[in-house]
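With these hints in hand, go ahead and build the complete structure from the sequences.
Residue-level listing of the chains:
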Amino acid sequence: MASIAFDTVSPKRLADVHARNEARTAWLLASPAIVLMIVFILLPVIAVIGLGFTNFELGIDKFRFVGLDNYSHLFTDRTFRKSLWNTTVYTAIVAPVSIVLGLGVALLIESETTAKSFFRTAYFLPVASLIVAMATVWQYLFHPTIGPINALLATVGIPGPNWLGSAGTVLYSLSIIGVWQSVGFNMVLFLAGLTAIPRELYAAAEVDGARSAIDRFRLVTWPMLAPTTLFVTTISIINAVKVFETVQTLTEGGPNRASEVLLFTIYHEGFVYLHVGYASAMTVVFLVILMVLTFLQYNVLDKRVHYS
Amino acid sequence: MSTATFNTGRAIRVTVLSLGALIFLSPYIFMLSAAGKTQSEIFTSALSLVPQTFYYVANFTKAFSRVPMGTLLWNGVMVCGLIFFFQVLVAIPCAYAMAKLKFRAAKLLMAMVMLGLLVPIHATALPLYVAFDSASLLNSYTALVAPFSISVFAIFMFLQFFRAMPDDLIHAARLDGMSEIGIVARVIVPNAWPAVTAFAIFSVVAHWNDLYWPLIVISKQGFATPPLGLMYFRAAEAGDDYGALMAATMVITLPLVAAFLLAQKRFVEGITMTGLKG
Numbered sequence: 000m001a002s003i004a005f006d007t008v009s010p011k012r013l014a015d016v017h018a019r020n021e022a023r024t025a026w027l028l029a030s031p032a033i034v035l036m037i038v039f040i041l042l043p044v045i046a047v048i049g050l051g052f053t054n055f056e057l058g059i060d061k062f063r064f065v066g067l068d069n070y071s072h073l074f075t076d077r078t079f080r081k082s083l084w085n086t087t088v089y090t091a092i093v094a095p096v097s098i099v100l101g102l103g104v105a106l107l108i109e110s111e112t113t114a115k116s117f118f119r120t121a122y123f124l125p126v127a128s129l130i131v132a133m134a135t136v137w138q139y140l141f142h143p144t145i146g147p148i149n150a151l152l153a154t155v156g157i158p159g160p161n162w163l164g165s166a167g168t169v170l171y172s173l174s175i176i177g178v179w180q181s182v183g184f185n186m187v188l189f190l191a192g193l194t195a196i197p198r199e200l201y202a203a204a205e206v207d208g209a210r211s212a213i214d215r216f217r218l219v220t221w222p223m224l225a226p227t228t229l230f231v232t233t234i235s236i237i238n239a240v241k242v243f244e245t246v247q248t249l250t251e252g253g254p255n256r257a258s259e260v261l262l263f264t265i266y267h268e269g270f271v272y273l274h275v276g277y278a279s280a281m282t283v284v285f286l287v288i289l290m291v292l293t294f295l296q297y298n299v300l301d302k303r304v305h306y307s
Numbered sequence: 000m001s002t003a004t005f006n007t008g009r010a011i012r013v014t015v016l017s018l019g020a021l022i023f024l025s026p027y028i029f030m031l032s033a034a035g036k037t038q039s040e041i042f043t044s045a046l047s048l049v050p051q052t053f054y055y056v057a058n059f060t061k062a063f064s065r066v067p068m069g070t071l072l073w074n075g076v077m078v079c080g081l082i083f084f085f086q087v088l089v090a091i092p093c094a095y096a097m098a099k100l101k102f103r104a105a106k107l108l109m110a111m112v113m114l115g116l117l118v119p120i121h122a123t124a125l126p127l128y129v130a131f132d133s134a135s136l137l138n139s140y141t142a143l144v145a146p147f148s149i150s151v152f153a154i155f156m157f158l159q160f161f162r163a164m165p166d167d168l169i170h171a172a173r174l175d176g177m178s179e180i181g182i183v184a185r186v187i188v189p190n191a192w193p194a195v196t197a198f199a200i201f202s203v204v205a206h207w208n209d210l211y212w213p214l215i216v217i218s219k220q221g222f223a224t225p226p227l228g229l230m231y232f233r234a235a236e237a238g239d240d241y242g243a244l245m246a247a248t249m250v251i252t253l254p255l256v257a258a259f260l261l262a263q264k265r266f267v268e269g270i271t272m273t274g275l276k277g
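Just so you know, the sequences run in chain order D and B.
Take 0 as the starting number for the first sequence in numbering that gives the first Met the number 0 and just add one per residue.
Take 0 as the starting number for the second sequence in numbering that gives the first Met the number 0 and just add one per residue.
Among the hints, erroneous ones may be present.
[To be verified] Coverage of chain D stretches by chain B, computed from C-beta distances (three or more under 8 Å per stretch; other residues unrestricted):
{"#": "1", "stretch": "13-25"}
{"#": "2", "stretch": "44-57"}
{"#": "3", "stretch": "134-140"}
{"#": "4", "stretch": "256-270"}
{"#": "5", "stretch": "288-298"}
[Claimed, not checked] If we take Cβ atoms under 7 Å as the criterion, some of the chain D residues that face chain B in the derived model are:
{"#": "6", "residue": "A32"}
{"#": "7", "residue": "M36"}
{"#": "8", "residue": "L107"}
{"#": "9", "residue": "A127"}
{"#": "10", "residue": "I130"}
{"#": "11", "residue": "I145"}
{"#": "12", "residue": "W221"}
{"#": "13", "residue": "F243"}
[What the hints assert, rightly or not] Reference listing, derived: stretches of chain B covered by chain D, where coverage requires no fewer than 3 residues with Cβ under 8 Å from a Cβ of chain D:
{"#": "14", "stretch": "89-99"}
{"#": "15", "stretch": "201-209"}
These aren't lab readings, by the way, just hints derived from the structure by calculation.
Note that this is a predicted model, so its numbers are computed, not measured.
Ideal Cβ positions, reconstructed from N, Cα and C, are used throughout, including at glycine.
Printed below as a string of structure tokens:
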């Protein structure tokens with residue numbers, strides 16, 4: 000205190016010292032995070048982009064720059080093209096279905112009173128369950144001869160398909176598991192969005208003549224829920240693109256590459272065949288897909304959901 | 000709206016929700032049922048839920064004798080615990096600095112966090128694997144934990160939570176002569192419990208479930224996490240011994256499900272709270 004009182008420094012200089020101290024503390028507090036971000040995110044991403052231009056293989060010491068060879072090879076690689084297509088189909092099924100079901104369940108649960116928490120628990124349980132373990136259960140449910148699903152179909156006279164074993168149905172069977180796994184997560188997010196809608200809006204809409212539940216949904220719930228819906232949509236698509244566990248556990252891309260998906264192909268190419276260079280090029284494609292999806296969320300859709 | 004239509008409406012709603020819940024819970028029901036059936040019963044009567052001869056003890060014994068269940072669960076707890084500990088330790092000070100202190104790198108840091116949110120482990124796995132391999136760190140807790148010690152999602156979430164905290168709280172602490180680190184430890188952290196809990200559940204669920212990274216860096220059963228251990232068990236089980244498989248599945252699923260059932264109220268509260276503030 001004494002030093003401040005008798006010092007001749009101007010208040011501006013004092014403020015400068017204070018600002019510098021604050022900046023130094025901030026750096027100190029943020030530095031562990033900055034270092035780890037550089038080591039585990041920034042450098043690996045740069046490395047993966049760089050490796051994508053080489054023919055690097057683990058176990059072989061020599062490697063060289065091959066330019067865009069990996070990328071031009073990707074375009075003609077039938078496995079990779081199949082893998083991209085399968086991932087698209089899987090996403091096109093799982094994302095919309097799990098969003099619609101998640102919203103539907105959330106709306107029904109929201110207006111429920113007594114059994115609310117029971118239903119919430121029931122639908123959310125798959126999210127909290129080990130997916131590799133539950134995939135094993137689904138394998139049993141889907142089993143062509145001893146599985147309960149086909150046994151159930153047989154009681155009404157429908158011959159059940161070989162769900163996970165035939166090329167025609169495997170992707171749809173995996174999609175069913177994917178939907179089952181993600182509805183609960185979307186539901187919780189929608190429930191949070193629904194509680195944030197002010198009750199007065201519903202009363203106001205009713206005064207304005209929105210008598211039916213459908214009208215109230217169209218005029219109040221849906222527009223007010225738009226930011227949540229956008230968030231849920233992006234996260235659902237990204238999660239669906241990242242499908243891996245069920246494929247690795249149940250089908251290993253088969254039969255006949257019918258369930259080959261992006262991450263599984265990258266995993267196989269990079270960590271089983273150890274073609275690190277080529278797998279890096281695939282990873283770059285995967286990253287670009289994620290970036291485009293996020294970019295769409297921020298820039299295109301964002302303008303349509305925020306009301307001023 | 001008359002009471003009559005209200006009741007019919009509610010009846011339909013409860014029926015639809017119940018049917019849906021039954022479908023969503025059916026894998027668990029069949030898992031419980033098959034875990035107690037003999038091999039032959041699984042092959043003959045798929046739809047009877049109650050096993051004719053209770054075979055639970057035999058199936059569970061088989062599961063426990065062929066998979067080192069204790070090791071797997073211990074590894075799972077250790078790995079998830081360590082990851083969560085480091086994530087919070089690193090993210091909270093960083094998020095506090097970004098939310099409440101002025102420094103020039105804050106904008107750049109924000110850009111890095113946003114970039115980091117885009118990049119999953121699947122994108123960084125190849126270079127990280129090469130690095131861990133050349134450092135002879137494969138098959139270790141370090142390999143399992145280190146890449147996840149930084150969670151940009153945690154920084155992002157805490158940042159939004161801290162921004163909503165009143166500045167007066169911090170000014171008062173500063174006037175009391177507290178250092179910035181003291182403020183983080185004694186003012187920010189105690190007030191951030193809802194966010195920490197919500198993040199804990201997010202983090203533990205993600206890493207307890209993760210198969211991709213453990214599959215890459217672990218090849219010895221001693222370091223296997225629960226999903227990886229179950230993969231080994233499936234590979235070792237050549238036939239369709241679904242009874243034992245379902246028993247193993249149950250044991251491995253149970254810890255997280257039990258934790259969720261105990262803490263679910265807190266979980267939903269946490270999500271709602273951070274969702275509203277964000």
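- Task: Three residues minimum, CB to CB under 8 Å: does the stretch 201-209 of chain B make the cut for coverage by chain D? Let me know.
- Result: Our answer is that it holds, as 3 residues pass the Cβ test (under 8 Å) against chain D, meeting three.
- Do three or more residues of the stretch 89-99 of chain B come closer than 8 Å to chain D, measuring C-beta to C-beta? Result for this restraint: holds, n = 7.
- Task: Against chain B, run the beta carbon of A127 (chain D) and see if the smallest gap drops under 7 Å.
- Result: holds (4 Å)
- Going by Cβ atoms only, is F243 (chain D) closer than 7 Å to chain B? holds (6 Å)
- Query: Once the shortest beta carbon distance from I145 (chain D) to chain B is found, is it less than 7 Å?
  - Reply: holds (5 Å)
- Query: Close enough to count: is the Cβ of M36 (chain D) nearer than 7 Å to one in chain B?
  - Reply: Status holds, d = 6 Å.
- Per-stretch coverage check for the stretch 13-25 of chain D, three Cβ contacts closer than 8 Å to chain B: Answer holds; 5 residues pass the 8 Å Cβ test.
- Query: Hey, does the L107 (chain D) contact hint survive, CB to chain B under 7 Å?
  - Reply: Since the shortest Cβ distance to chain B is 5 Å, the answer is holds.
- Message: W221 (chain D) was flagged as interface toward chain B. Is the shortest Cβ-Cβ separation under 7 Å?
- Response: violated (18 Å)
- Given as covered by chain B, does the stretch 134-140 of chain D meet the bar of three residues or more with CB within less than 8 Å? holds (count 5)
- Message: Cut-off 8 Å, C-beta pairs, minimum 3 residues; does the coverage of the stretch 288-298 of chain D by chain B stand?
- Response: Our answer is that it holds, as 3 residues pass the Cβ test (under 8 Å) against chain B, meeting three.
- Using 7 Å as the Cβ threshold, decide whether I130 (chain D) counts as touching chain B. Holds, because the Cβ-Cβ distance from I130 (chain D) to chain B comes to roughly 5 Å (cut-off 7 Å).
The structure is inconsistent with hint 12 alone, although it conforms to all the rest.
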